[in-house]
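Participant: Sequence:
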Amino acid sequence: MKISLDKRAKVLLAIFLVVYIVVGVLNAIYLSKQNMGEAFKNVANRWVVDLPFGKGIFSRINPLTIFMTWGIMAAIILIALRLRKPQVVPDRKQSLVESLLEFVYNMVEDAVPDQRFVRPTFYIACTLFIFIVFSNILGGAIPGISIEANAQGTVEKIHLFSDTWFSPTADINTNASLAVFVFIISQVFAIKSKGIKSWAKSWFEPIPFMFPMNVIGELSKPISHSLRLFGNIAGGALLTYLLAYMAKYLFLPVILWGFFGLFVGVIQALVFTVLAIAYISSALS
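In the numbering used here, the protein residues as written are 1 to 285.
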């Protein structure tokens, strides 16, 4: 298959390559002056800010998670506004979006037993997939701004283009929120589909003695759902940063970012979405 680029795309590609090479050389010079202990002393720490009210974990936030989440949502809304008026004869961008939506819809239609909930589940699945894909690619394939904080959550350094943007899905709080949302909506759909009596009865099937096991089984779903995505994205980001330091940034990172950001990022978004559809389908069965 031959890929043809128009003049604008060629200019943008040339600018990207020039900027990447310049930034790569600068980072290679910078990283060569750091030993591994200095480069990785705060790598596992998060930028945490205590709110002026309350105490404990519920009064602390990670500002990067909030900024990046709202930035991604704004970007998705802008793209959706540009695509809100489909053409009769679709171009390549519209064809790609339509193919993606059709793929997700067919997957939902085959999995969800109650046809009344096919369209709502489709909306949920598409929203999850698009948001997670944007987050994973931004945090695994695009150089950007990263914050280095100490164990107390205080910012020590701000790095420009020596690491990828911070991905919201690298924060367990984001993934846990999405997983809990899927769990709650699956139970709401189950109540609407079966009725509250049949739904309550299902917790005691096949025998009443299985009630504790059914509760544990259901509660384990959002836990595993969130930890799977968090482990892959956060672990991939850490591995990329480690190998980038060892290669002095110059040649290897672009391959690593392409692998973890595009391939692994898309796959993990698809896995999270498929599991969400499976959990909703299981609750409706």
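Since the hints were made in silico from the structure, they are not lab data. Virtual Cβ for every residue (Gly too), placed ideally from N, Cα, C. Please note that a few of the clues may not be correct.
Restraint ranges, calculated between C-beta atoms of paired labels, are given here [unchecked claim]:
1. Tyr123 x Ser95: 17 to 25 Å
2. Val48 x Lys10: 38 to 46 Å
3. Val215 x Val266: 29 to 37 Å
4. Phe67 x Phe16: 44 to 52 Å
5. Ser224 x Lys93: 47 to 55 Å
Participant: Each hint should be assessed against the structure and marked as holding or not.
Facilitator: Checked hints:
no.: 1; hint: Tyr123 x Ser95: 17 to 25 Å; verdict: 21 Å, holds
no.: 2; hint: Val48 x Lys10: 38 to 46 Å; verdict: 44 Å, holds
no.: 3; hint: Val215 x Val266: 29 to 37 Å; verdict: 34 Å, holds
no.: 4; hint: Phe67 x Phe16: 44 to 52 Å; verdict: 24 Å, violated
no.: 5; hint: Ser224 x Lys93: 47 to 55 Å; verdict: 35 Å, violated
When the structure is compared with the earlier hints, violations turn up for hints 4 and 5 and for no others.
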